[in-house]
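Asks: Sequence:
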Amino acid sequence: MTSIRRWLLGWLICGLGVACLIAGIGIFSAARLEAGELFDYELRTVALSLPQNIGAEDVALGRNPELHGIADDRLVIDIWDRTGRLVYHSPHEPALPRFGVGFQSVEREGYLWRAFGVAQPERFVQVAQPYFIRDDLALSLALRTIWPLALLIPVLVVIVLVVVARGLSPVRWVSQALAARSPESLEPIAFDKPMPDELRPLVNALNDLLVRLGEASHAQRAFVADAAHELRTPLTALKLQIQGAIGDGSLQVDGATLAKIDGRLNRLIHLAQQLLSMAREDAAREAAIAPMSLRMLCESRVSDFSLLAEARSIDLGLELEHARDDHDAFVVMGDTHALAVLVNNLLDNAIRHTPHGGRVDVTLRRETEGIALTVLDSGPGIPDSEIERVCDRFYRCIGTTGHGSGLGLAIALRVAQRHHATLEIMNRDDASGLVVSVRGLRAVASARAKDIVSGMHA
Numbered sequence: 001m002t003s004i005r006r007w008l009l010g011w012l013i014c015g016l017g018v019a020c021l022i023a024g025i026g027i028f029s030a031a032r033l034e035a036g037e038l039f040d041y042e043l044r045t046v047a048l049s050l051p052q053n054i055g056a057e058d059v060a061l062g063r064n065p066e067l068h069g070i071a072d073d074r075l076v077i078d079i080w081d082r083t084g085r086l087v088y089h090s091p092h093e094p095a096l097p098r099f100g101v102g103f104q105s106v107e108r109e110g111y112l113w114r115a116f117g118v119a120q121p122e123r124f125v126q127v128a129q130p131y132f133i134r135d136d137l138a139l140s141l142a143l144r145t146i147w148p149l150a151l152l153i154p155v156l157v158v159i160v161l162v163v164v165a166r167g168l169s170p171v172r173w174v175s176q177a178l179a180a181r182s183p184e185s186l187e188p189i190a191f192d193k194p195m196p197d198e199l200r201p202l203v204n205a206l207n208d209l210l211v212r213l214g215e216a217s218h219a220q221r222a223f224v225a226d227a228a229h230e231l232r233t234p235l236t237a238l239k240l241q242i243q244g245a246i247g248d249g250s251l252q253v254d255g256a257t258l259a260k261i262d263g264r265l266n267r268l269i270h271l272a273q274q275l276l277s278m279a280r281e282d283a284a285r286e287a288a289i290a291p292m293s294l295r296m297l298c299e300s301r302v303s304d305f306s307l308l309a310e311a312r313s314i315d316l317g318l319e320l321e322h323a324r325d326d327h328d329a330f331v332v333m334g335d336t337h338a339l340a341v342l343v344n345n346l347l348d349n350a351i352r353h354t355p356h357g358g359r360v361d362v363t364l365r366r367e368t369e370g371i372a373l374t375v376l377d378s379g380p381g382i383p384d385s386e387i388e389r390v391c392d393r394f395y396r397c398i399g400t401t402g403h404g405s406g407l408g409l410a411i412a413l414r415v416a417q418r419h420h421a422t423l424e425i426m427n428r429d430d431a432s433g434l435v436v437s438v439r440g441l442r443a444v445a446s447a448r449a450k451d452i453v454s455g456m457h458a
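Per my numbering, residue 1 is the first one in the sequence shown, and the count goes up by one each step.
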């Protein structure tokens, strides 16, 4: 069984069809029985009411009013005298033998006949009729009775379709409610309409599962956030203590060892910061999403990273494509803090992996499905076999150097998903380097965007 709806409709409609068929057979049988009784009464009445002076010429010419309609019912009348001689036989009908007194059912010349015989003082009268006359009348009576039922069948089918659809609508409501929920939403399922008793155990079980998932997720986020917070403070203090010890001469180490210690401390501090960002992003909700200027955010991030780019002789810039005008703010529905983390991670990865004298471009572009944010660099790129895994948490490509933690792209993917956008990563076709694009950010209407920008500047 793949569909409850199809299963119910199939059985109900087939059941109605079988029930109607059985009803039709019953109606035909009842009509045939009633027709048989009616024709038996006719045979007996005709046999007992035949005039004593009936002749062949009267029947053939239809002059006797008492015989009116007998030919229409295909009655065969035979009369024998006291000596057993046949004195009368219906014209244009097959000759039948004498069957006996009372009602008899016999087969003659390929036809089944129903006959009634009566012995009178001066004669023996037998009236017979073929069975197909009765069957024709029974069929006619049955059709007259069944045709309203035949008209009722489509009405019943429509009623079944409506009732089944209405009965299964709560299941559709549950599906729609679950499909409309954001991945972060773990609130219990609630309905404005009364919930059927049959569906209540399922909904209660789902709500219980959501509560347990929420508790487990909260415990995980709390642990990561606490661990990251607790790690960041002592690591920063340790770095300051080492720098102070080197400054006052109490710690004597060579430059290479000091550089290794400093690099590892920076990597641990960066890891703790990324873990804290990941925990905050996992705990984020849709309520934090509001209209914001993506252009202003990118300009601020590019300005912050410009000193790092200049130190590596990297050309870092922001480009706008398909802008409405020179002051287009590229207003989107987004979480400012989360998108800032996303841009920071993309710029940090691009600058760290771009060699001296390279180039990093940040591009904002209007597309049919929304606004796209692209970060393009001139670094070595990523092997094609590893592109699908670079967004996994703590995954670092083979041969990667530096103090990266393997969380930057994972956080970027998480932010993009929360904004119902897609994160695309691919190597450049025209040169060496990587292209990371966040596509499908929801743009705000131009009139509303101008009001938002005006409010920001105010």
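Everything labelled a hint here was simulated from the structure, so no lab data went into it.
Warning: the hint list may mix true and false statements.
FRET-style restraints, in silico, Cβ to Cβ [to be verified]:
no.: 1; residue 1: 119; residue 2: 19; range: 42 to 50 Å
no.: 2; residue 1: 178; residue 2: 384; range: 34 to 42 Å
no.: 3; residue 1: 380; residue 2: 204; range: 48 to 56 Å
no.: 4; residue 1: 318; residue 2: 432; range: 15 to 23 Å
no.: 5; residue 1: 22; residue 2: 83; range: 49 to 57 Å
Note that CB positions come from ideal geometry on N, CA and C, so glycine has one too.
Asks: Hint compliance check: list the failing hint numbers for this structure, sorted ascending.
Replies: Every hint satisfied by this model.
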